[in-house]
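S.K.: Letter by letter, the chains look like this.
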Amino acid sequence: MKHFWALVFLMVPVCGVLTFIIAPHYNVWFPKDISANGHVIDHLFMFILWLTGIIFVATEGALFYFAWKYNARSNPEPVKFSHGSHTLEVVWTILPAVTLLFIAIYQMNAWADAKMRRPHIPVTAEITGRQFNWDVRYPGKDGVLHTPDDIVRTDGDIHFPSGEEVLLIIKSQDVLHSFFLPNIRLKQDVVPGMDQYMWFKVPEPAVVDIVCAELCGWGHYKMQGRATFEPRPAFDEWLSQKYTEQESHRVAEAPIQ
Amino acid sequence: MGIDKETTRQEDKETWCDPVSPCLPVSPSPCLAMRGREFSATAWLCIGLVGVAAFVGCGKADPPQFRLNMMNVVAKQVAPQHQQAIANILGAMFGTPDKPYAMPETGLDQKKLNMAAGPVWSDQAGEDHGLYRRHCAHCHGISGDGHGPTADILNPYPRDYRPGVFKFKSTYTSAEPTEADLLRIVHDGIPGTAMPSFALLPPDQRAALVEYVKYLSIRGEMEKALEDYVADNLDPGDKFDPASNAETKKLILDDMLKPIVEAWQTAKDQVIVPDEKSIPPDNRTVAQIADSADKGRELFYGTQANCVKCHGPTALGDGQQDDYSDWNKATHDFIQATNAKLAEMEALRKDLTKAKGDDAEHIKEQIRSTQKEYKEREAVIATLLPPRHAIPRNLREGILRGGRRPIDIFWRISAGIRGMPMPASGPAAPGAPGTLTQEQIWQLVDYVQSLPFEPASQPLKKGPVNSSAVSTGE
Amino acid sequence: MSTITADLHVQPQVAHAHRGSFLTTYVFSRDHKVIGIQFLFSTLIWFLIGGLLALGVRWQLAWPWSSMPILGKLVYSAQGGQIAPEAYTMLFTMHATVMIFLVIIPILAGAFGNFLIPLMIGAEDMAFPTLNMLSYWFMWPAFVCFGAAFFVGAAPGAGWTSYPPLALTVFHNGWLQPQMLWLLGIAFVGVSSMMGSVNYLTTIIQMRAPGMTMFRLPMTIWGMFITAVLQAFALPVLTAAVFMQLLDLTVGTGFFIPEGWTATNMAHAAGGGQPLLWQHLFWFYSHPAVYIMILPAMGMVSDIISCFARKPLFGYKPMVYSLAGIAGLGFIVWGHHMFVSGMSPVLGMTFMVATMFIALPSAIKVFNWLGTLWGGKIQFTTPMLFAMAFVSMFIIGGLSGIFMAATPVDIMIHDTYFIVAHFHYVLFAGTAMGVFGGIYFWFPKMFGRMMNDRWGKVHFLLTFMFLNGVFFPMHVLIGFPRRLADPYHYATFKVFQPINQFMTICAILLVTSQIIFVVNFFYSMFFGPPAGRNPWHSNTLEWQAPSPPGHGNFDFQPVVFRGPYEYGSPEVDIDYYPQTMPPPQNQPAPAPVPAH
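Protein chains in written order, with my numbering: chain A, 1 to 257; chain B, 258 to 731; chain C, 732 to 1327.
A couple of the hints might just be wrong.
[Unchecked claim] Just a few of them, taken from the derived set where beta-carbon distance is under 8 Å, the chain B residues facing chain C:
1) Ala318
2) Asp319
3) Pro320
4) Pro321
5) Arg391
6) His395
7) Gly405
8) Thr407
9) Ile410
[Said to hold, decoys possible] Once the Cα atoms are required to be at most 16 Å apart in a straight line, the calculated EDC-like pairs of lysine to aspartate or glutamate come out as:
10) C/Lys804 / B/Asp319
11) C/Lys1225 / B/Asp380
12) C/Lys1225 / B/Glu384
13) A/Lys80 / C/Glu1302
14) C/Lys1225 / A/Asp209
15) A/Lys80 / C/Asp1304
16) A/Lys201 / A/Glu230
17) A/Lys171 / C/Glu990
18) B/Lys621 / B/Glu601
19) B/Lys632 / B/Asp616
20) B/Lys333 / B/Glu633
21) C/Lys1225 / B/Asp385
For the record, the hints were derived by calculation from the structure and aren't laboratory data. Remember, it's a predicted structure, so these values are computed and weren't measured experimentally. C-beta: ideal position from N, C-alpha, C; glycine also.
With these hints in hand, go ahead and build the complete structure from the sequences.
M.R.: What follows is the structure, encoded as structure tokens:
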């Protein structure tokens, strides 16, 4: 086995590519995309994955080929005494540079859509991260936050309307958190003292996880939420139900479950 | 493999750098050099691997056990053999953390307990086991003593279930909480504390956890009853064994367990139901609410309700801040009593200098026993959470731990907060007279609800006064 | 050539200390080789500790809340060995802290830098030997601080990035706060690194042997040189940030705390600060620091690859320029750690473009390494295998970096296991492979004996297999967040548990296979075959000195005639051409100058 080591290095691209082929079949891949815009980010990821995948296979392949071909035990030819090639250096500087610049420019629109072009619509809800819960405050009937008719929930069970654009204010009560919706491909750190905005549109009803993605203390893993997207009528119904519960003056009005 | 032979052949004639010693002494290429030399590391390697395996194998901890409430045991000076007897009785009555046992007399649900107890794992069907240890034990402790490893870094401390005292509930002050009360806390969490919401767990898991909390409470109350009985009624040499003594068994089941279980089972009859007539109507105008809140404000500052005493003239919770909760008070008192032992010893030593003969021997004996108790107490104190003051709520933040519904606030004012300095303003039991009428309590509820929206509250949302007091604690 | 011979006699003679007592020779030594080996041993011990901490993290990820071996029994026996969630945060915080500040940075700059710089440039010692000694001994307060942080009730648990306000509030328990020890430890590491970097810069600029021009320096020295520049310019910022956080923590200055903000467990602070300020300052150091953590390894790998391909390094000057390019661009890309932090998205775009371009010098380096292998006569010795593994793994780590540089994709993968995969491919699969290669390569020079090659290869094969088993699957765990003690709370991530168990088993095997290395290392130190001066037939200067080199390094005055990579030169009939060997047409050689 004089080429044993070359074959070891061949295993890198082979196993690497296989991993990416097999993993989605076992559901170990992107969480399901439920949003209107998430496919843009998935597409960019796949675009970069293909591009880097080709470079990965090519360079790892070259490494394997050289390890095979120029093995001192089997290569009878003398060493090519070369200090390099100016032309080659220029080529492999310009080519990646152009590719990288293209990737950068190609991404900008998606970035602007996700973080810079905030829609001019009323705020759907204010989300506050605290150790270790996501609290939500809906503006209530008057549409203004921080008034007595706000609907406040501290159980992490957050509802949003589906089929329309949603605008959130997200903030933190104590330390840094990150409001992460894996199924909507959105993430934004919340910083105490700063109000951040987040917007998205989910076309169909769905129930997904809300994750905290910035270390916020020992209970970071516990900081779970659940986002329920439902059509506007159902959402309004849910809101008014929660409002009634919140205003209840009587014992039997709000059974738990 | 190896370096070309031609290159090695050239070496000896090279003398370009050092006339004394050649730069390239004729050494065979390293790879070739190895071949002649057998490396005896294989044996070492095997020894190493076996060692690691053994180390990891022995490195597993034993299953956890319930532990006695040593503060009570030492304070009551329960003899070691009685401690063992109590542990045995509790084991027979309640089982172990891995295998809890629901005595029929307790009315607990064995199935729910099994679901909540034991080590954390998921079976083939994805069913979760060991819920208590997955979600709760690291704060509330295996024994429910509120002193899991995480408790040290929390403020406020996690609840100690063993006294069976719960803060946020719908029942009269001294009653146990109802099942619904505990479920609500598990569902909503306690905002402003480290208690998160478990609303996203399936309902049956939440119910199992609540059952297990009740189990730990009943077990803790039972333990205290046993310890108190033994300390008050038995001499250190007396036998305490219900298995061989039917009378003892009856005593334990009827005189100790029964009242504890009854208190839990009758809790739902103890719920404070506001009088329909006193409840403000749903269709009040803004002006009516404001009017009611104004009356509430008068009560807040008045001498009858006297909320201002603790919650402060600003309602930022900056009034009286040096009181203790029951749990912290117990620790505080225990430490005080321990310090008193020290003073006692000093006094005895002083006496010893004056005493002679038998007297001196007697005093020496006293010193020895006091010293022993002092040492035991010191050891217990090292395991306790340092006591902290109870800080009244800042009412302007809009964060209310026991819930923000009007009915929650009503219950809080009416029944007070059990175990806390917050007193009951309503009746102590059904039919008893209260400090405030229900109408007045509802007015206070309106005032409390309006506080976060007062103009003065807005810039002070995160007023510093309260929190800095928290951090100075004791 | 004549200028060089003329310069020979004006070479300053550094008077070196006479052999002193045991204490001054082996403990408080000012000899760069002893200091280098001291660094090597200290960092390897911490490497082991860091690895065990990582196993704790992995155990929890595979079987959360089950009884953890050893740690669970030692600390959490009352809980049945189930660790507490804050212990998990401490585990990964200390794993990263130890690996970055006590292993990778000091092993590259401290161990290899100290040992190799004077030898490879033909100097007798460092420019400032006492400063050099201090740079090692200033690591000890850091060792003590980080070591003690485990024992003050709780270890630091705010992540190695220590973002405030969390860092100011975690485990605030008693006056001796773990976070305070952590900050002091970082400050001491900084002092040590700063001393080292000043010394390296001066030594490389001032102490080169006659004929050793800057462009005849081996790549290892270029790597060390650029690293020293990076440290000299970036460290002051970190030090400032560390002291600001220390002040926030102790006297409540509030540099990183917004107005009116308080939390339980925290003393009231003045406020008026900004949490993002820390991130800017921290990453202004720590982004260049990721290059501090790889450039020397890149240099060492270049030397090893050229030596065992028996062929000149392909594109020496582009390699040097790309190192310098990485260093320059390294200062303007820190914002890519903060794309979703709340920093202005406009700034995010600028940082994206800068970050894309920093991939360029790395690409050039990879192509040049491949070019070096092309047409060579590759000898698969243990150091060569590790060096080739470095290239192979660095390709993966470099390419996965492009995903993060792309801001929209980063929204999804920021703070997830894709990032963990990326930096472990660069730091563990990259730098650590370079370090292993370096140890196997220079071990004969350090201890005068060869390491066992066959066991070295077994070690390589197992390490290479298992590290890919641990880290490659992380690439497909998309959206799986880092630092969660129990990720399987989330329905979304429950499906990832089996693959995490696979990774954990690989991690356990990976750490176990290092036993081979430890045994080989210590066995060879005492019983390995004697190495001779130049066992690898390498060109660079250190191989012309005795193995191990005595005090003052060279037993002759080295004079340099050419670059370090003239393997297979047609000018001579051997396949290597040491830098000190005069060209054949210039015979007889210039009179050697005795070193003493």
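S.K.: Hint by hint, say whether it matches the structure.
M.R.: Status of the hints after comparison with the structure:
The interface hint given for B/Ala318 holds, since its Cβ lies 3 Å from the closest Cβ of chain C, which is under the 8 Å cut-off. At about 7 Å, the closest approach between the beta carbon of B/Asp319 and any beta carbon in chain C falls short of 8 Å, and the interface hint on this residue holds. The beta carbon of B/Pro320 comes within 5 Å of a beta carbon in chain C, closer than 8 Å, and the hint placing it at the interface holds. Interface hint status for B/Pro321: upheld, as the beta-carbon distance to the closest one in chain C is roughly 4 Å, under 8 Å.
Annotation: interface hint on B/Arg391 holds; nearest CB of chain C at approximately 5 Å, less than 8 Å. Hint on B/His395 holds. Least Cβ distance to chain C is approximately 4 Å, under the 8 Å limit. Residue-level restraint check for B/Gly405 holds (minimum Cβ-Cβ distance to chain C is 7 Å; threshold 8 Å). Proximity of B/Thr407 to chain C holds as hinted, the smallest CB-CB distance being about 5 Å (cut-off 8 Å).
Taking 8 Å as the C-beta contact cut-off toward chain C, the hint placing B/Ile410 at the interface holds, the least distance being around 5 Å. With a C-alpha separation of about 8 Å, the suggested pairing of C/Lys804 with B/Asp319 holds against the 16 Å cut-off. A threshold of 16 Å between alpha carbons decides the hint, and for C/Lys1225 with B/Asp380 the separation of about 13 Å falls inside it, so the pair holds. For the hint pairing C/Lys1225 with B/Glu384, the CA-to-CA distance comes to about 12 Å; that is within 16 Å, so the pair holds.
Proposed proximity of A/Lys80 and C/Glu1302 is supported: the alpha carbons are some 14 Å apart, at most 16 Å. A distance of roughly 12 Å separates the Cα atoms of C/Lys1225 and A/Asp209; the hinted pair therefore holds under the 16 Å criterion. Between A/Lys80 and C/Asp1304 the CA atoms are separated by roughly 15 Å; this keeps the pair inside 16 Å, and the hint holds. With a CA separation close to 12 Å, the supplied pair A/Lys201 and A/Glu230 stays within the 16 Å bound.
Taken as a hint, the A/Lys171 and C/Glu990 pair is honoured in the structure, with Cα atoms around 15 Å apart against an allowance of 16 Å. Simply put, B/Lys621 and B/Glu601 have alpha-carbon atoms about 13 Å apart, close enough for the 16 Å limit, and the pair holds. Distance check on the hinted pair: B/Lys632 and B/Asp616 sit about 24 Å apart at the alpha-carbon level, beyond 16 Å; violated. Proposed proximity of B/Lys333 and B/Glu633 is supported: the alpha carbons are some 12 Å apart, at most 16 Å.
Among the hinted pairs, C/Lys1225 with B/Asp385 is consistent with the structure: their alpha-carbon atoms are about 12 Å apart, no more than 16 Å.
Hint compliance for this structure: hint 19 alone is broken.
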